[in-house]
Amino acid sequence: MSELILFVAIGVIAVTAAVMMLLSENTVYSALFLTLNFLCVALLFLLLNAPFLALVQVAVYAGAIMVLFLFVIMLLGAEKTTEELKRFRWFNITTLVLAVILLLAFGLAIGAGQIDLQEPVGAQPLVRVIHAAPDADAVDVRANDVLVAQDVAFGETSEYVSLPPGTYNIALFVAGTDQAIAAAPFTFDASGPQRATAETIVAYGEGAAPVLASVFEDFRTVEDQGSRLRVFNATTQAVQLIDPGVEFNQRDAQIVVDTVEPGTESDPVILLEGINELAFIPTVGERVVDGDVSNLDTADTLFRLRDYEVERDTAQLMVLTDERQFDETSRVIALPLVEDTLAPFGSPKSIGQLMLTKYLLPFEMVSLLLLVAMVGAVVLTQRYHDLSKALHRVKGPANRRRVARPLTSVVASQLGTQFPPTTTNGDAAPESSPELQPERP
Amino acid sequence: MIVQNEAYVMLSLVLFVLGTMGVLLRRNAIIVFMSVELMLNSANLALVAFSRQWGTESGHLFVFFVITVAAAEVAVGLALLVAIFRTRKSINIDELHQMEG
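Order-wise, the sequence lines are chains F and C.
For the first sequence, our numbering assigns the number 1 to the initial residue and increments by one for each residue that follows.
For the second sequence, our numbering assigns the number 442 to the initial residue and increments by one for each residue that follows.
Bound-form chain C, shown alone:
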């Protein structure tokens, strides 16, 4: 392997931080959601890189499970977004604060 695992983990870290910034900076709930997906995906990249380093496939299995959980999360999350948009006519997360009490 010419490219060291550090390079992959670094790339994964950069993508993760970009995802974090997306969650914190953007106000559009759909983009926040997509940023969460970006973070999950960068974690997957790190898992696969570590899996190659250790020569076992457990990391691949974890990535598989993460992808499944992400699919489930997107299904429920987008359903929530649709429901919220119907009642509030907005998906700006600054306006969604009825849970504050």
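Just chain F, same shape as in the assembly:
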């Protein structure tokens, strides 16, 4: 409701300022009313989730451009509009009628809801595969028999591929062969207009034929200053993620992610920015229940992340899996996959990212245009009293060095006598050749 009140108030002020700008007799008042209008539009930008543009609007439009206007008005002394001599009497009426027609035509079209018919298109879903099956060979990944990733070994992750929305049969083949070891159908939906979501296919399980599971990844902005963490448990036992505190001091240990069953994923939790101590422990035996960590034992730790650095504005998926060692025993490792989240809508960061990637060429062109305009403004305001004189100065015979005194007086001073008698009180220097002298005014 407050948005409506703000919109109406600001809109009324903006329109009033525009009308007053048109009606003011004094040009300075017009400029000031236009500034007010620009400030109102900046507020509307804020209402429309465009804080960066609102700032640019205030700085560039209401600041720089309007100061330039006021400066020129002052420079020209054009505050009072000259008596408006109208060449065409019928012009005002015609303009008013045309303006009303324009307003009605567009207004009716907008009022009839013609601009909302189309739905925004979503971005294509992003899909990748992580190999977390310790006993399986390196794999090639095919989606509906189209190769999307090659030679993904254990612990590796394929690059994101962008697929049209739909259902795909994701199949894993032993790398370089046609021997399928796992296949499962998955349905990928289009995400929002921005790439806010992705899917990660986890291949896990014991034996040579892994099981496939799909994990949803969320790249929307993290509100807190931290990282959104999900844990996928690809081991054979239920685990918990705890913050062990200072050297497993039992008093300040706490649970970060509660029990994750094998083959499932946890709900997202937010890890705060900075250095974190994390440890995965088995849930068996109920070592940690409801924050009671009195039975916590260092020896139980499956995998410990010491001094784990968490960056803000990231989303991470931690895949916990077994790893075979040379002596046929296995241990648990965590494979963290960290991705940047989307910058907030309309923020300088996200606009900068877009400007320097997708819109780099327009950005360069506009920069060039600004440079040309700067040079053009300087050239245009050069004061040429006489164009021919200016041209003469550039490429005429005057490129010779100007002599401050006539040659004759130089000769005279050398000789110590008047030779021939001349006047030397002219401030403008005559040309060095005496034949030109009679032509000068």
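Hints were generated in silico from the structure; no laboratory data involved.
A few of these clues could be false.
[Unchecked claim] List of simulated lysine to any residue pairs, SDA-like, C-alpha gap at most 25 Å:
#, chain 1, residue 1, chain 2, residue 2
1, C, Lys-530, F, Lys-349
2, F, Lys-349, C, Arg-468
3, F, Lys-358, F, Ala-343
4, F, Lys-358, C, Thr-509
5, F, Lys-349, F, Gly-176
6, F, Lys-349, C, Val-517
7, F, Lys-80, C, Val-510
8, F, Lys-358, C, Arg-468
9, F, Lys-349, C, Trp-495
10, F, Lys-80, F, Leu-68
11, F, Lys-358, C, Ser-531
12, F, Lys-80, C, Val-517
13, C, Lys-530, F, Leu-22
14, F, Lys-349, F, Phe-219
15, F, Lys-80, C, Arg-468
16, F, Lys-358, C, Asn-533
17, F, Lys-80, C, Asn-533
18, C, Lys-530, F, Leu-76
Once you have looked at the hints, place chain C on chain F.
Okay, now just chain C, sitting in the frame of chain F:
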């Protein structure tokens, strides 16, 4: 969003028409210039509104470019006005018709 995009586009339309009328009705070249700025600005408002509707930031980028182009245009335009005022001692656009041939 409580306020529909139509409202923003309507407001932008009203400002645009006001700018058009300023260009057509006023004879003072500086005010004509300011009216052009008003029209550009109203177009910016519509772009930002559409940008919110579609959930992409391309509209914001376009507004950014429009603001840049407007700054360049004002720099050159006002320089022209100053030059014209020096020679003609007037910025009434009815008197500036030496380009008619």
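### Violated hints - listed by number, lowest first
Going through the list in order, the structure violates hints 1, 2, 5, 6, 7, 8, 11 and 16 and respects the others.
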